[in-house]
Amino acid sequence: MTRWIERRWVAAAALVAFASIPAMSTTVAAQQQTAEQRAKAPGKTKAWTPTRTPWGEPDLQGIYSNRTITPFERPDEFAGKATLTDAETAELERRVVDRSADKREAKGTEADVSRAYNEFWWDRGTKVTTNRSSLVIDPPDGKVPPLTAEAQRRALDEWKQPALRGGGANGRGADTYLDRSLFERCITRGMPGAMSPSAYNNNYRIVQSPGYVVVAIEMLGGTRIIPTDGRAHVNPGLRQWMGDSRGHWENNTLVVETTNFTNKTLYRGAAENLRLIERFTRVDADAIDYRFTVEDATTFTRPWTVAVPYLRTDEQMFEYACHEGNYGMEGILSGARFEEGK
Amino acid sequence: MRYQRVTFMIAASALAALAAAVPVRAHHAFAAEFDSNQPITLRGSVTRVEWINPHTWIHLDVKDASGKVIEWMIEGGTPNTLLRRGVDKNSLPAGTEIVVEGYRAKNGTNRANGRDLTLPNGRKLFLGSSGTGAPADGKDPGETK
Numbered sequence: 031m032t033r034w035i036e037r038r039w040v041a042a043a044a045l046v047a048f049a050s051i052p053a054m055s056t057t058v059a060a061q062q063q064t065a066e067q068r069a070k071a072p073g074k075t076k077a078w079t080p081t082r083t084p085w086g087e088p089d090l091q092g093i094y095s096n097r098t099i100t101p102f103e104r105p106d107e108f109a110g111k112a113t114l115t116d117a118e119t120a121e122l123e124r125r126v127v128d129r130s131a132d133k134r135e136a137k138g139t140e141a142d143v144s145r146a147y148n149e150f151w152w153d154r155g156t157k158v159t160t161n162r163s164s165l166v167i168d169p170p171d172g173k174v175p176p177l178t179a180e181a182q183r184r185a186l187d188e189w190k191q192p193a194l195r196g197g198g199a200n201g202r203g204a205d206t207y208l209d210r211s212l213f214e215r216c217i218t219r220g221m222p223g224a225m226s227p228s229a230y231n232n233n234y235r236i237v238q239s240p241g242y243v244v245v246a247i248e249m250l251g252g253t254r255i256i257p258t259d260g261r262a263h264v265n266p267g268l269r270q271w272m273g274d275s276r277g278h279w280e281n282n283t284l285v286v287e288t289t290n291f292t293n294k295t296l297y298r299g300a301a302e303n304l305r306l307i308e309r310f311t312r313v314d315a316d317a318i319d320y321r322f323t324v325e326d327a328t329t330f331t332r333p334w335t336v337a338v339p340y341l342r343t344d345e346q347m348f349e350y351a352c353h354e355g356n357y358g359m360e361g362i363l364s365g366a367r368f369e370e371g372k
Numbered sequence: 021m022r023y024q025r026v027t028f029m030i031a032a033s034a035l036a037a038l039a040a041a042v043p044v045r046a047h048h049a050f051a052a053e054f055d056s057n058q059p060i061t062l063r064g065s066v067t068r069v070e071w072i073n074p075h076t077w078i079h080l081d082v083k084d085a086s087g088k089v090i091e092w093m094i095e096g097g098t099p100n101t102l103l104r105r106g107v108d109k110n111s112l113p114a115g116t117e118i119v120v121e122g123y124r125a126k127n128g129t130n131r132a133n134g135r136d137l138t139l140p141n142g143r144k145l146f147l148g149s150s151g152t153g154a155p156a157d158g159k160d161p162g163e164t165k
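Sequences listed follow chains A and B, in order.
Under this note's numbering, think of the first position of the first sequence as 31, with each following residue one higher.
Under this note's numbering, think of the first position of the second sequence as 21, with each following residue one higher.
Bound-form chain A, shown alone (with noise of 0.2 angstroms):
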């Protein structure tokens, strides 16, 4: 008992560490790529009128980064401040290279450990891709809602659940790869997560062809295709990792509606009863306005809405074939049993 005791203390001081991820997060690399430099924020620019493809719908096709260190949630700091100055935004950049800059005054602890990945091994660029404090944009505040009451009596019994999404992110621990998380499996990061920045392989390829519209994802892989066709959902009782998409054109937007998620995946505490809204608007030659509506009653007081600006890249998609040698997963479980041995 009081080894599993331990356990759960150890469980609970992961979770701590975890929460201090945002802040070993925030560093950056050093190269930009000319979407970025080329790019206005989504927005500002004057009325485009998208190219069509020859079957006559909006053309979102190509390769695209969503890469940026603007902040998901708006920081306090900016609390009633929606769009940042050019000063601001400036300042802002600062900060995040001289957050980044290795300076190896925590030498000897997790943190140091963990900051083996510097900026170098980052991809997330330096620069701000829009001139909005958060990604967040509704509610008004840029924060991501409450939980509700029920979702956050799961969120302390998710300790506990059974080993389905995995916990390590969530510090359940390390007994086997099923406690580990679903992107340290190398599985999924879900969604919208698939869809949301991340520390590198940000690019994204969009094919259309009539009646789909393709979505390659680089990070981790995978490939979603989505039927515009006006085809049902799915039977509710199908349920997948990636949910099941459907979408269709409102004037020159694409709107993908995403429900059959599962209870395998977890979004912020949101799983098999998410329904998910996206909006994919090509504003110039070089943006896509991408847009998510999070909805799910059971779990925010609210739907909350995020806007993360797909910029258009001269980069290739590369393969992530993430199983090729996962060799980070044999190490976190072997040096468990090997502390345990102690």
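If you're looking for bench data, these hints aren't it; they were derived computationally from the structure.
Treat the hints with caution; some may be incorrect.
As the list claims (entries may be wrong) - Simulated pairs of lysine to any residue, SDA-like, Cα-Cα distance not exceeding 25 angstroms:
1) 109/B with 347/A
2) 294/A with 345/A
3) 137/A with 124/B
4) 109/B with 345/A
5) 173/A with 107/A
6) 372/A with 57/B
7) 137/A with 109/B
8) 137/A with 79/B
Stated by the list, open to error - Facing chain B, a subset of chain A residues (Cβ under 8 angstroms, in silico):
9) 216
10) 285
11) 287
12) 365
13) 368
14) 370
Stated by the list, open to error - For each label pair, taking beta carbons as the anchor points, the in silico distance ranges come out as:
15) 124/A with 71/B: 32 to 40 angstroms
16) 128/A with 68/B: 32 to 40 angstroms
17) 65/B with 355/A: 18 to 26 angstroms
18) 265/A with 113/B: 51 to 59 angstroms
Each residue gets a CB set at the ideal place from its N, CA and C atoms; glycine is no exception.
Here the structure of chain A is known, so what remains is to put chain B in place on it, guided by the hints.
Just chain B now, with coordinates in the frame of chain A:
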């Protein structure tokens, strides 16, 4: 009673983790794999680099005190990002002498992460705050010879 308090701690932490969930993080936590209590410094010769997903691994021959050669493996970044930085298979050829300062794997094997990688002349590898940080190959505008 103790049990309840622990549960509460975990619960509070779980909420904190949820609240702090971020869209950006690494593929896995280095701190789960490598031991902050075992900092190491290795000086050796690169034998090969595994260009492998999700992360590259640099293989290094290190001589111990008795002169015996021991192979070490150093975990690096994802190959995709390295290629975008201008680092490729020619960037760290076999025979390159490097000094690695990092942390040893918790499982006691000869694996480590490369917290700092340095050429014998003191030039740091893969620290990209200016230029690409790639080994000097003329591609990096910020390169200092």
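Using the Cβ atoms, figure out if residue 65/B sits within 18 to 26 angstroms of residue 355/A. 22 angstroms, holds
Satisfaction of the residue 216/A interface hint, Cβ to chain B closer than 8 angstroms: 7 angstroms, holds
Residue 370/A as chain B interface residue, shortest Cβ-Cβ below 8 angstroms: 11 angstroms, violated
For the hint on residue 365/A, does the least C-beta distance to chain B fall short of 8 angstroms? With a minimum Cβ separation of about 3 angstroms from chain B (threshold 8 angstroms), the hint on residue 365/A holds.
Does 32 to 40 angstroms hold as the CB distance between residue 128/A and residue 68/B, or does it fail? 36 angstroms, holds
Hinted pair residue 137/A and residue 124/B, Cα distance within 25 angstroms: 14 angstroms, holds
Is residue 109/B close enough to residue 345/A, meaning Cα to Cα at most 25 angstroms? Satisfied, since the Cα-Cα distance of roughly 19 angstroms is no more than 25 angstroms.
Regarding the pair residue 173/A and residue 107/A, is the alpha-carbon distance no greater than 25 angstroms? 13 angstroms, holds
Distance restraint between residue 137/A and residue 109/B, which requires alpha-carbon spacing of 25 angstroms or less: 31 angstroms, violated
Given a cut of 8 angstroms on the nearest C-beta pair, is the interface hint for residue 285/A held or broken against chain B? Violated, about 22 angstroms.
Is 32 to 40 angstroms respected by the C-beta to C-beta distance linking residue 124/A and residue 71/B? Roughly 34 angstroms apart at Cβ, these two residues keep to the hinted range, so it holds.
Hey, does the residue 368/A contact hint survive, CB to chain B under 8 angstroms? Since the shortest Cβ distance to chain B is 5 angstroms, the answer is holds.
Violated hints, in rising order: 2, 7, 10, 11, 14; the structure is consistent with all others.
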